[in-house]
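Peer 1: Sequence:
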Amino acid sequence: MDSVISTGAACVHQPDKTAVPRADACEGCGSTFNLRLCTECGHVGCCESQQSHGRQHALGSAHPVIKSLPLAKSSFTWCYTCDKYL
Numbered sequence: 001m002d003s004v005i006s007t008g009a010a011c012v013h014q015p016d017k018t019a020v021p022r023a024d025a026c027e028g029c030g031s032t033f034n035l036r037l038c039t040e041c042g043h044v045g046c047c048e049s050q051q052s053h054g055r056q057h058a059l060g061s062a063h064p065v066i067k068s069l070p071l072a073k074s075s076f077t078w079c080y081t082c083d084k085y086l
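Position 30 of the sequence shown, counted from 1, bears residue number 30 in our numbering, the numbering being contiguous throughout.
Any given hint could be a false lead.
[Claimed, not checked] Listed next, the in silico DSS-like pairs over lysine-lysine satisfying Cα-Cα at most 25 Å (straight line):
hint	residue 1	residue 2
1	Lys17	Lys84
2	Lys73	Lys84
3	Lys17	Lys73
Honestly, the hints are just simulated from the structure, not real lab data.
Generate coordinates for the entire structure from the input sequences, incorporating the hints supplied.
Peer 2: Okay, structure coming up:
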C-alpha cells in the first residue's frame, strides 16, 4: 500500500503529498461520518459539527491543512492558517 496520495500544492501550508488516512474513524471519539484527514500525518478526526477532533489536531500539531473524507473528487481541502478552501 502506498503511504501518500499525490496532490497539487494550493497554499504554502499544503504538503506536496497527502498522507494516507491512518484510521477508519475519528481517533478521538470513534465517529465514522464527517471525517477530516490531516494531510501532513494522516490523523483522522471528526468535524466541527461534532467534537472537532480534526480541528483540534490541526491547531495543536501545526498541521493546518485537512481534507474531507472519504477522499474523492468531491472532497474539499481546507487550510486553518489561511482560513480558506484550497
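Peer 1: Look at each hint and say if it fits the structure.
Peer 2: Verification of the supplied hints:
Only pairs whose Cα atoms come within 25 Å are accepted, and Lys17 paired with Lys84 is accepted, the gap being roughly 19 Å. Restraint check: the Cα-Cα separation between Lys73 and Lys84 comes to about 18 Å, which is no more than 25 Å; the hinted pair holds. Straight-line distance between C-alpha atoms of Lys17 and Lys73 comes to about 16 Å, which keeps the hinted pair within the 25 Å bound.
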